[in-house]
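Work the whole structure out from these sequences, hints included.
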Amino acid sequence: MNKIKLKKNEEKRLLFGHQWIFSNEIDKIIGAPTEGEVVEILRFDEKLLGYGFFNSHSLISVRFLSNEEIEVDKMFFIDRIKKAFLIREKIFNSSNVYRLIYGESDFLPGLIIDRFDSTFVLQTFSVGMDLRIKIIAEALQDIFPVKCILERNSSATRKLENLEERVSVLFGEVKNEVVKIEGVNYKINFIESQKTGFFLDQRLNRVRVGRYAENAKVLDCFCNEGGFGISALIGGARNVDFVDISNHAIEQAKINVELNNLTNCNFFAEDVFEFLKNCKTKYDLIILDPPSFAKNKKSIATALKGYQQLHQLALNLIEENGILITATCSHHISEKDFFETLNRASNKQNRKIKLLESFGASPDHPILPSMPETNYLKCGFFLVN
Numbered sequence: 005m006n007k008i009k010l011k012k013n014e015e016k017r018l019l020f021g022h023q024w025i026f027s028n029e030i031d032k033i034i035g036a037p038t039e040g041e042v043v044e045i046l047r048f049d050e051k052l053l054g055y056g057f058f059n060s061h062s063l064i065s066v067r068f069l070s071n072e073e074i075e076v077d078k079m080f081f082i083d084r085i086k087k088a089f090l091i092r093e094k095i096f097n098s099s100n101v102y103r104l105i106y107g108e109s110d111f112l113p114g115l116i117i118d119r120f121d122s123t124f125v126l127q128t129f130s131v132g133m134d135l136r137i138k139i140i141a142e143a144l145q146d147i148f149p150v151k152c153i154l155e156r157n158s159s160a161t162r163k164l165e166n167l168e169e170r171v172s173v174l175f176g177e178v179k180n181e182v183v184k185i186e187g188v189n190y191k192i193n194f195i196e197s198q199k200t201g202f203f204l205d206q207r208l209n210r211v212r213v214g215r216y217a218e219n220a221k222v223l224d225c226f227c228n229e230g231g232f233g234i235s236a237l238i239g240g241a242r243n244v245d246f247v248d249i250s251n252h253a254i255e256q257a258k259i260n261v262e263l264n265n266l267t268n269c270n271f272f273a274e275d276v277f278e279f280l281k282n283c284k285t286k287y288d289l290i291i292l293d294p295p296s297f298a299k300n301k302k303s304i305a306t307a308l309k310g311y312q313q314l315h316q317l318a319l320n321l322i323e324e325n326g327i328l329i330t331a332t333c334s335h336h337i338s339e340k341d342f343f344e345t346l347n348r349a350s351n352k353q354n355r356k357i358k359l360l361e362s363f364g365a366s367p368d369h370p371i372l373p374s375m376p377e378t379n380y381l382k383c384g385f386f387l388v389n
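Taking the working numbering, the leading residue of the sequence shown gets 5, the next gets one more, and so forth.
Mixed in with the good hints there might be a few duds.
[What the hints assert, rightly or not] Here are the simulated DMTMM-like pairs of lysine to aspartate or glutamate, each with C-alpha atoms no more than 25 Å apart in a straight line:
#1 299 <-> 274
#2 301 <-> 73
#3 163 <-> 255
#4 78 <-> 186
#5 358 <-> 341
Hints are computed from structural coordinates only; laboratory data are not their basis.
If you're wondering where the values come from, they're calculated on a predicted model, not measured in any experiment.
Put into structure tokens, the structure is as follows:
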């Protein structure tokens, strides 16, 4: 087996539980490993540390798989998927909609699988997983009653692994499905919607919105398929305005509102920043759930300025004793720095804020304490005076 040997003392992060080895941590490549091959990982003194996927084209040169020698075959995937499935069953024992595999947190680095009843949507972000995607699909068919397996590998993030973007059906036939998530019906368009079809990470935070929504006039910014606003309507909001720059998202939000027999809402296919700048309406509750502003470390400073601007615009439209729910989905932005942008914004707008509650992603997105990269979602519920 081909090997990589680490530089002196570079094994500390790996031993602590982090699963990535970066190219600048490697002292020597022994042999000629191909992209996606399983290699031995050696300490500087050549003591064996474990095994992982190799990729010479990525800054993440090795993704850790196991302390022991393994055959990455169908049984390997069946075993690890079953272990992840048992946890999801405990978390969501009455639902077949959840993130089944969350990459490194489920010890399948670079693999995402979302389950929507009998439809499974895959994303692969490592060449090792990408080369084995058909085996992964076969493993799913051996475990679950599967009608469709779709790969939605259209993320630009794949370029970091030198992987092409593609969307393909691995098994069955793609059909839009209506699924129930925390008591709410959603029609999922697996081909045209973002990522795997629906953002599951905010599912419990959407439910929490209902506690603050009774008789409130609500603004759901970056509404996507309408999850937060719909939960507000179910919670007793007297009106919800949905805003998203995507016409497709707005159309899906309309469909989902109708599916749940809800009324008293308006839809705006507009840029959120422009909408907030031009809006003359005051709201009791504003929700901000934007896409990531920070795709890498270099963009952190610009992203924080963007979040502060967004918060200032929103604070200008919130009634006294109103609620602002705000989120970031970038692991590059810490909760401290993110909330600080709101603090600065409140000072600029002469408003007072109090953090009532803060949450991360739902528990089907488990966090590895040793890998801060797995802790990407931060969501705060603030009282505004």
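Hints, verified against the model:
Pair hint residue 299 plus residue 274 holds up; C-alpha atoms about 23 Å apart against a cutoff of 25 Å. For the given pair, residue 301 sits about 34 Å from residue 73 by alpha-carbon distance, which is inconsistent with the 25 Å threshold. Between residue 163 and residue 255, the direct Cα distance comes to roughly 30 Å. Violation of the 25 Å bound is thereby established for this hinted pair. Note on residue 78 and residue 186: the hinted pairing is violated, with a Cα-Cα distance of about 33 Å set against a maximum of 25 Å.
About 16 Å separates the Cα atoms of residue 358 and residue 341, which keeps this hinted pair within 25 Å; it holds.
Violated hints, in rising order: 2, 3 and 4; the structure is consistent with all others.
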